[in-house]
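**Q** Build the full structure now, drawing on both the sequences and the hints.
Residue numbers (the working numbering), protein chains in the order written: chain A, 5 to 152; chain B, 5 to 152; chain C, -13 to 67; chain D, -13 to 67.
It is worth saying that the hints were derived from the structure and are not from the lab. Incorrect hints may appear among the rest.
What follows is a set of in silico ranges between Cβ atoms, one per label pair, in the way DEER data are often shown [what the hints assert, rightly or not]:
(1) A:Q102 - C:H44: 30 to 38 Å
(2) C:H44 - A:G133: 22 to 30 Å
(3) C:T7 - B:D145: 19 to 27 Å
(4) B:D46 - A:D144: 25 to 33 Å
(5) A:H135 - D:E3: 46 to 54 Å
(6) A:T7 - B:R130: 30 to 38 Å
(7) A:D144 - C:A14: 48 to 56 Å
(8) B:G29 - A:E14: 18 to 26 Å
(9) C:S2 - A:D17: 39 to 47 Å
(10) D:N(-12) - A:E14: 24 to 32 Å
(11) B:T72 - D:N(-12): 35 to 43 Å
(12) A:T27 - B:R8: 24 to 32 Å
(13) C:E3 - B:D145: 45 to 53 Å
Stretches of chain B that chain A covers, calculated by requiring three or more beta carbons in the stretch to come under 8 Å of a beta carbon on chain A [to be verified]:
(14) 7 to 21
(15) 25 to 34
(16) 38 to 48
(17) 76 to 84
The model shown is predicted, which means the values in this text are computed figures rather than measured ones. Glycine residues also receive a C-beta, built at the ideal position from the N, C-alpha and C atoms.
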Amino acid sequence: MQTRIRIQREDFDLNAEVANLTTDGEAGAVASFTGHVRKEGDLSTLTLEHYPHMTEAEITRLVAEAGTRWPLTGVTVIHRVGSLKPGDRIVLVAVASQHRHAAFQACEFLMDFLKTHAPFWKEEARTDGHHWVEHRHSDDDAAERWKK
Amino acid sequence: MQTRIRIQREDFDLNAEVANLTTDGEAGAVASFTGHVRKEGDLSTLTLEHYPHMTEAEITRLVAEAGTRWPLTGVTVIHRVGSLKPGDRIVLVAVASQHRHAAFQACEFLMDFLKTHAPFWKEEARTDGHHWVEHRHSDDDAAERWKK
Amino acid sequence: MNLLYFAWVRQKIGKSEEQMTLPVGDVASLIAHLKNLGPNYADAFADLTRIRVAVNQHHAGPDAPVAPHDEVAFFPPVTGG
Amino acid sequence: MNLLYFAWVRQKIGKSEEQMTLPVGDVASLIAHLKNLGPNYADAFADLTRIRVAVNQHHAGPDAPVAPHDEVAFFPPVTGG
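**A** This is the structure:
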């Protein structure tokens, strides 16, 4: 299974990332997820902080776990950090497999665990100041579903 | 819910299609699926035939059904027809929602029903001639899961 | 009635479309009629488990009624996506 | 021991990283020690239901042991993705 994990300030190219997962011709199915900064009210900037090294280590562990649960040919995870604007893309998880159900399941599994395990924190800038985003318990419930 | 359905010979631009689904800023989650022609043995060309008008009508019905089951802000379905080569992209289903689980579910639902209901037929060209691809019963089982 | 054929059904029958004046009935009686039009039709409709039908661009079963101005399409189980 | 603080834990304590020589123990005893270092630490660790810990870059619970050369990080529940 080829694995690409990148934490970066820059945006990413979906065409190139999906092409990277399929150039070997093994996988017929690629399930992808992109998370975007929503446009809401007075939100002007979303700033992402992370824990360097642990982020990559934790995502590597999550991808390895996905690889033991489903037959995957490749996984790409790109998470942006720094200052983002409404409409910007935050995260990409793309999973290639010979089986589309495996690709969908692994992609959703990785998103659920990214949301609950990868050490990123979002801070919103609004007209009344800066606020750290609160963790959502619905994300814990989503990850809980996958417990064996 | 904005809906885009296109049957075309040309390839598509994933960045542009995902951007189309998120420019209104409503959706924070986009789940996508791309199907690709696998590189296998002596497969040289995959030709896709379809039933014009019914294809669009059937996909429109499937997208409307998905819209009644999940809270979606947009759906894009692009299916290529004509002659494709190993490695080429065949299909895109991209679903935007405020809720990532809804986006994933609707995307997989649409793929399962595209595979079993949309009137497309694949013909493979190999060194020993042309062969129509056989329908897979596992696709029927996948669609059956969604029956209420 | 406007009849359409796709994929190997089209190849076996040797045409993609034809107009016919046929008695009103259902999909099953229409197929029974077509099977008698010649060996190409008999071959195309030899195994009905491998034939799917759409009436006016909606999937239809053997009991679905067909009327004079309907568009009826015959094709193998679909393989897109 | 190398201590790291992130997000509002970092802001409340007023620094992102510090070195300390501390008695060997577990995560819970380490937090109890830190809470006594000043009002900024007391504020950061006031509600332990809102604090998560990683030891050597693995998520860790209150019973996890900490040793002199460990890297221990304190942060709020994560909100990426």
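**Q** Does each hint hold? Answer for all of them.
**A** Each hint tested on the structure:
{"no.": "1", "hint": "A:Q102 - C:H44: 30 to 38 Å", "verdict": "33 Å, holds"}
{"no.": "2", "hint": "C:H44 - A:G133: 22 to 30 Å", "verdict": "57 Å, violated"}
{"no.": "3", "hint": "C:T7 - B:D145: 19 to 27 Å", "verdict": "41 Å, violated"}
{"no.": "4", "hint": "B:D46 - A:D144: 25 to 33 Å", "verdict": "50 Å, violated"}
{"no.": "5", "hint": "A:H135 - D:E3: 46 to 54 Å", "verdict": "24 Å, violated"}
{"no.": "6", "hint": "A:T7 - B:R130: 30 to 38 Å", "verdict": "33 Å, holds"}
{"no.": "7", "hint": "A:D144 - C:A14: 48 to 56 Å", "verdict": "55 Å, holds"}
{"no.": "8", "hint": "B:G29 - A:E14: 18 to 26 Å", "verdict": "21 Å, holds"}
{"no.": "9", "hint": "C:S2 - A:D17: 39 to 47 Å", "verdict": "41 Å, holds"}
{"no.": "10", "hint": "D:N(-12) - A:E14: 24 to 32 Å", "verdict": "30 Å, holds"}
{"no.": "11", "hint": "B:T72 - D:N(-12): 35 to 43 Å", "verdict": "54 Å, violated"}
{"no.": "12", "hint": "A:T27 - B:R8: 24 to 32 Å", "verdict": "27 Å, holds"}
{"no.": "13", "hint": "C:E3 - B:D145: 45 to 53 Å", "verdict": "33 Å, violated"}
{"no.": "14", "hint": "7 to 21", "verdict": "holds (count 3)"}
{"no.": "15", "hint": "25 to 34", "verdict": "holds (count 9)"}
{"no.": "16", "hint": "38 to 48", "verdict": "holds (count 7)"}
{"no.": "17", "hint": "76 to 84", "verdict": "violated (count 0)"}
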